[in-house]
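Chemist: Chain residues, written in single-letter form:
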Amino acid sequence: MILLININRYKLHDLEFIKPITDLLEKYSVVHYKNLKKSDIDSAEKIIIAGTSLKDDEYLKDLEKFSWIKSCKKPLLGICSGMQILALLNGAKLKKAKEIGQTNVKILKKDFLIHNIEKVYSLHQFSTTLPKEFELLVRSSKSIQAIKKDNHYGLMFHPEVFNKELIKGFAASSCRECAKTLKMKRSELIQGEKTGSIKIEIDNLRIDKAYLVKQIS
Amino acid sequence: MRLSVLFSGGKDSTYALYLAKKFNHEIACLITMDSKNKDSFMFHTPIDNVDKISRKIGLPLIKISTAGKKETELTDLKKAIKLAIKKYKIEGIVTGAVASTYQSSRIQKMCNELDLYCFNPLWQKDQVELLNELVENNFKFKIVKVAADGLDNSWINKEFDKRTIQELIRLSEKHKFSVTGEGGEFESEIVDCPLFKK
Numbered sequence: 755m756i757l758l759i760n761i762n763r764y765k766l767h768d769l770e771f772i773k774p775i776t777d778l779l780e781k782y783s784v785v786h787y788k789n790l791k792k793s794d795i796d797s798a799e800k801i802i803i804a805g806t807s808l809k810d811d812e813y814l815k816d817l818e819k820f821s822w823i824k825s826c827k828k829p830l831l832g833i834c835s836g837m838q839i840l841a842l843l844n845g846a847k848l849k850k851a852k853e854i855g856q857t858n859v860k861i862l863k864k865d866f867l868i869h870n871i872e873k874v875y876s877l878h879q880f881s882t883t884l885p886k887e888f889e890l891l892v893r894s895s896k897s898i899q900a901i902k903k904d905n906h907y908g909l910m911f912h913p914e915v916f917n918k919e920l921i922k923g924f925a926a927s928s929c930r931e932c933a934k935t936l937k938m939k940r941s942e943l944i945q946g947e948k949t950g951s952i953k954i955e956i957d958n959l960r961i962d963k964a965y966l967v968k969q970i971s
Numbered sequence: 020m021r022l023s024v025l026f027s028g029g030k031d032s033t034y035a036l037y038l039a040k041k042f043n044h045e046i047a048c049l050i051t052m053d054s055k056n057k058d059s060f061m062f063h064t065p066i067d068n069v070d071k072i073s074r075k076i077g078l079p080l081i082k083i084s085t086a087g088k089k090e091t092e093l094t095d096l097k098k099a100i101k102l103a104i105k106k107y108k109i110e111g112i113v114t115g116a117v118a119s120t121y122q123s124s125r126i127q128k129m130c131n132e133l134d135l136y137c138f139n140p141l142w143q144k145d146q147v148e149l150l151n152e153l154v155e156n157n158f159k160f161k162i163v164k165v166a167a168d169g170l171d172n173s174w175i176n177k178e179f180d181k182r183t184i185q186e187l188i189r190l191s192e193k194h195k196f197s198v199t200g201e202g203g204e205f206e207s208e209i210v211d212c213p214l215f216k217k
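Protein chains in written order, with our numbering: chain A, 755 to 971; chain B, 20 to 217.
Just so you know, these hints were derived from the structure itself, not from any lab. As the structure is a computational prediction, the values presented were derived from the model and not from experiment. Where is the CB? At the ideal position from N, CA and C, for every residue including glycine. It cannot be assumed that every hint is accurate.
Quick list of the computed label-pair ranges, beta carbon to beta carbon [to be verified]:
id: 1; chain 1: A; residue 1: Gly855; chain 2: B; residue 2: Ile188; range: 25 to 35 Å
id: 2; chain 1: A; residue 1: Glu780; chain 2: B; residue 2: Glu155; range: 18 to 28 Å
id: 3; chain 1: A; residue 1: Lys824; chain 2: B; residue 2: Asn157; range: 42 to 52 Å
id: 4; chain 1: A; residue 1: Lys781; chain 2: B; residue 2: Asn43; range: 25 to 35 Å
Assemble the whole structure, with the sequences as input and the hints as a guide.
Modeler: Structure follows, in structure tokens:
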């Protein structure tokens, strides 16, 4: 079960920022951050914090409601505002970087989940500085676009528009499903392991590496 | 919130209006761009019946004419939105954008410049789901223009029902066009819907 945390101020925005994500998930529950209970987090296998509209910044006034993230060991994916929340709680600061629409990005470090993206859909006025202990995976000319620490990912862009496979890959419950979703080839994976360009965070995504190498072709 | 809908009288903008009202927003006016460029990437043409449709819905219409040139059509749209802000004190815009990042990112940028909320309630919606939802919610609409391989003139004035949708899906798969017509493969016009005053 994926817990999808909604941060929208207006419900009409749920059709724009929540539904495109739930359309990609099989088992999920959606909870607004203002109604979030400890039991919601405890019963989730993985957590996604969705983004919201350009003008909506109400969540920034309620950062203390997300303080549980710091001790959360579950896989977590913060999308746009969700990445801002993740980064701010880890000591980063907002950084003015308006990007709206299709944006070209560069992968700085390949990761199991993020290894072959070139264009993304952006909808933000502020990105963040890189929080301490986080790795910078992807950036655009204006901002940091993907960061990671352990099994916590932050994406400044909206994967539900151009990079749907990232959400499906994050949500995948088995390694076979995940590898297929990401269209990762066996040769890519093995080469990546050898060169160290793909740091395989198998455990974080509940994936068995040996099984994965054996299964995908 | 007081909102204005970017309105063409087609199925998508009318359904976006319907959803905004369903979520308890106050729709102050409709905005239509009367583009003289039949091939505009931004605006729906033709809009022959948009005045009549807005009267049936019972909402005031701001209709601005534009040559539809890429360099100036956005400036013209901005004028129309500014007029809606001045006259109706709107705080946000609703669009019927489904998948076009070309249209939606330009409107997002404009709303950002004008400090308005931007709502896209059909964003990324599955195209077949959208067509079925329209029919299920008693939206009657017809095709008024075709511009795709596989869609001949026999589709003009054809009203949509479950059977027509199946036929359109079949053709869209065969000829690889958007089944909602968002890329201009066809343009639609609302014939009747729950928003019309009886």
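Chemist: For each hint, tell me whether it holds in the structure or not.
Modeler: Structure-based check of all given hints:
With their beta carbons about 29 Å apart, Gly855 of chain A and Ile188 of chain B fall inside the hinted range of 25 to 35 Å. A hinted range of 18 to 28 Å holds for the C-beta pair Glu780 of chain A and Glu155 of chain B, which are about 24 Å apart. Checking the proposed 42 to 52 Å range against Lys824 of chain A and Asn157 of chain B shows it holds: the Cβ atoms sit about 50 Å from each other. Between Lys781 of chain A and Asn43 of chain B the Cβ separation comes to about 30 Å, which falls inside the hinted range of 25 to 35 Å.
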